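J.: Residue strings, one per chain:
2 protein chains.
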Amino acid sequence: MMSSMSEPAFQRARSAAAKQAREQAILEAAHALGRRHGVRDVTLTDIAAAVGMHKSALLRYFETREQIFLALTADGWRQWSADLCGDLAGRARATPAEVAEAVTGTLAARPMFCDLLAQAPLNLERNVSIESVRSFKLVTLGEVERIGRELRRLLGLTESQAFDTIATATSMAGALWQMATPGPRVRELYLSDPRLGHALVEVEPRLTRVLTAYLTGLGTEAPPAG
Amino acid sequence: MMSSMSEPAFQRARSAAAKQAREQAILEAAHALGRRHGVRDVTLTDIAAAVGMHKSALLRYFETREQIFLALTADGWRQWSADLCGDLAGRARATPAEVAEAVTGTLAARPMFCDLLAQAPLNLERNVSIESVRSFKLVTLGEVERIGRELRRLLGLTESQAFDTIATATSMAGALWQMATPGPRVRELYLSDPRLGHALVEVEPRLTRVLTAYLTGLGTEAPPAG
Numbered sequence: 001m002m003s004s005m006s007e008p009a010f011q012r013a014r015s016a017a018a019k020q021a022r023e024q025a026i027l028e029a030a031h032a033l034g035r036r037h038g039v040r041d042v043t044l045t046d047i048a049a050a051v052g053m054h055k056s057a058l059l060r061y062f063e064t065r066e067q068i069f070l071a072l073t074a075d076g077w078r079q080w081s082a083d084l085c086g087d088l089a090g091r092a093r094a095t096p097a098e099v100a101e102a103v104t105g106t107l108a109a110r111p112m113f114c115d116l117l118a119q120a121p122l123n124l125e126r127n128v129s130i131e132s133v134r135s136f137k138l139v140t141l142g143e144v145e146r147i148g149r150e151l152r153r154l155l156g157l158t159e160s161q162a163f164d165t166i167a168t169a170t171s172m173a174g175a176l177w178q179m180a181t182p183g184p185r186v187r188e189l190y191l192s193d194p195r196l197g198h199a200l201v202e203v204e205p206r207l208t209r210v211l212t213a214y215l216t217g218l219g220t221e222a223p224p225a226g
Numbered sequence: 001m002m003s004s005m006s007e008p009a010f011q012r013a014r015s016a017a018a019k020q021a022r023e024q025a026i027l028e029a030a031h032a033l034g035r036r037h038g039v040r041d042v043t044l045t046d047i048a049a050a051v052g053m054h055k056s057a058l059l060r061y062f063e064t065r066e067q068i069f070l071a072l073t074a075d076g077w078r079q080w081s082a083d084l085c086g087d088l089a090g091r092a093r094a095t096p097a098e099v100a101e102a103v104t105g106t107l108a109a110r111p112m113f114c115d116l117l118a119q120a121p122l123n124l125e126r127n128v129s130i131e132s133v134r135s136f137k138l139v140t141l142g143e144v145e146r147i148g149r150e151l152r153r154l155l156g157l158t159e160s161q162a163f164d165t166i167a168t169a170t171s172m173a174g175a176l177w178q179m180a181t182p183g184p185r186v187r188e189l190y191l192s193d194p195r196l197g198h199a200l201v202e203v204e205p206r207l208t209r210v211l212t213a214y215l216t217g218l219g220t221e222a223p224p225a226g
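Going down the list, the sequences are from chains A and B. Counting in the UniProt record's numbering, the first sequence runs from 1 upward without gaps. Counting in the UniProt record's numbering, the second sequence runs from 1 upward without gaps.
Read the hints as simulated data drawn from the structure, not as lab findings. Just so we're clear, the structure is a prediction, and the values are computed from it rather than from any experiment. Be a bit skeptical, because a hint or two may be false.
[Claimed, not checked] Sample of chain A residues with no beta-carbon within 10 Å of chain B, all distances over it, derived:
1. R22
2. H54
3. A89
4. D164
5. Y214
6. T216
7. G217
[Unchecked claim] Just so you have them, the derived chain B footprint on chain A, three or more residues with Cβ under 8 Å:
8. 132–139
9. 172–185
Note that CB positions come from ideal geometry on N, CA and C, so glycine has one too.
Assemble the whole structure, with the sequences as input and the hints as a guide.
T.: Written out as structure tokens, the structure reads:
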């Protein structure tokens, strides 16, 4: 503490910037590895090696491997929400099918985010500090509210219906992505055994069908314009 | 091989029965531990201790901890399907809301199965032999077809709609169960921070709402009786 208080201001700023750059490099390395191998198979040692640090040095920036991937999940929510809300905000009106396509299309364009959506409650939230869970949850709830406002405006949903819609879309994107990406050996099995043809899942068409029927079945009407 | 060929038949039968009893005891111990602590936190060492065996002896009965839990997932599919089909088969007709309640009620009554439904594609199917994946998949596909026949009969769904319905119900039951069961520390956080009230998920009402709207939105009609 004493030594940092005696540091000149520009030096503290420089080291804060250096710390942030290092954190960013760690997140980018974890993202690239998760994208290539699946989040499940990426260890802290892999990330440290990719970024050229010792594991012990990396642990000065993040608590655990799960905290790194939870931070990437929060980034994923921000980017998905910005993309989806940007699309929806440009529409004066939309049918259930059009909203379902916009939601599914922006999710399917983010395979790493789909992987993380399934990993977060199962694995990631369980091996980080309570403060990390709190700040992660506040990010996701903020984005859920933002997407929810667009859904309510376009389709006349209630708040509870908007929350259910987002929970359905993200839960199913996560689960279907896991089924669609079973690893090369199991994929080979599905392709080679004709009895298992149905086990091969395609995320985007199935999720579009399910969300279209779900939003149609809510039977709501968009509120009158104005 | 030679020594087993010279065994008297009754002795082989006795040892086959003993093997089966031992396998059953292992599965029951894993089930009890998974139910109490969550599947994620149960190790092979825990199971071996609960059944009073050495870990190396247990590995003569099952390949990995994941194979034990995959066998329990297959049992879960058989039992859920028997229970749900028993309910649906007794009905001459049903509304989407009634089918949604039957599907959700029989899933929510099986918390361990809900936990396993999320674990299977993420973790369990990835650490067993290809033959174990094949036999697991054949069990689940058989039960999906059985449930699908009842859904088609009652609601006039196509085969693809019946498959989508079961995939939606089981994917969401798995994902929502994980969110609803975040561990005691995170649960405490949700209860103590008023901003996080929405993070507390109730599986059964949400899944009932979603499936009811989804089945309604398919807009199909039950085929005429007879």
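J.: Taking the shortest Cβ-to-Cβ distance between G217/A and chain B, state whether it exceeds 10 Å.
T.: violated (3 Å)
J.: Please settle this one: A89/A was flagged as non-interface, so is its CB more than 10 Å from every CB on chain B?
T.: Non-interface label stands for A89/A: nearest chain B Cβ at 22 Å, farther than 10 Å.
J.: With 10 Å as the threshold, tell me whether R22/A passes as away from chain B on beta-carbon distances.
T.: holds (28 Å)
J.: Checking a non-interface call: every C-beta of chain B should be farther than 10 Å from the C-beta of T216/A. Is that right?
T.: violated (4 Å)
J.: Minimum Cβ separation between D164/A and chain B greater than 10 Å?
T.: violated (6 Å)
J.: Just to make sure I understand the rule, a stretch counts as covered if three or more of its residues have a C-beta closer than 8 Å to a C-beta of the chain. Does the region 172–185 of chain A meet that for chain B?
T.: Coverage by chain B holds for the region 172–185 of chain A (9 residues, Cβ < 8 Å).
J.: Count residues of the region 132–139 of chain A with a Cβ under 8 Å from any Cβ of chain B, then say if the count reaches three.
T.: n = 4 at 8 Å, threshold three: holds.
J.: Would the least Cβ to Cβ distance between H54/A and chain B come out above 10 Å?
T.: holds (29 Å)
J.: For Y214/A, which was marked as not at the interface, is the minimum beta-carbon distance to chain B over 10 Å?
T.: violated (4 Å)
Hint compliance for this structure: hints 4, 5, 6, 7 are not met, and every other hint is.
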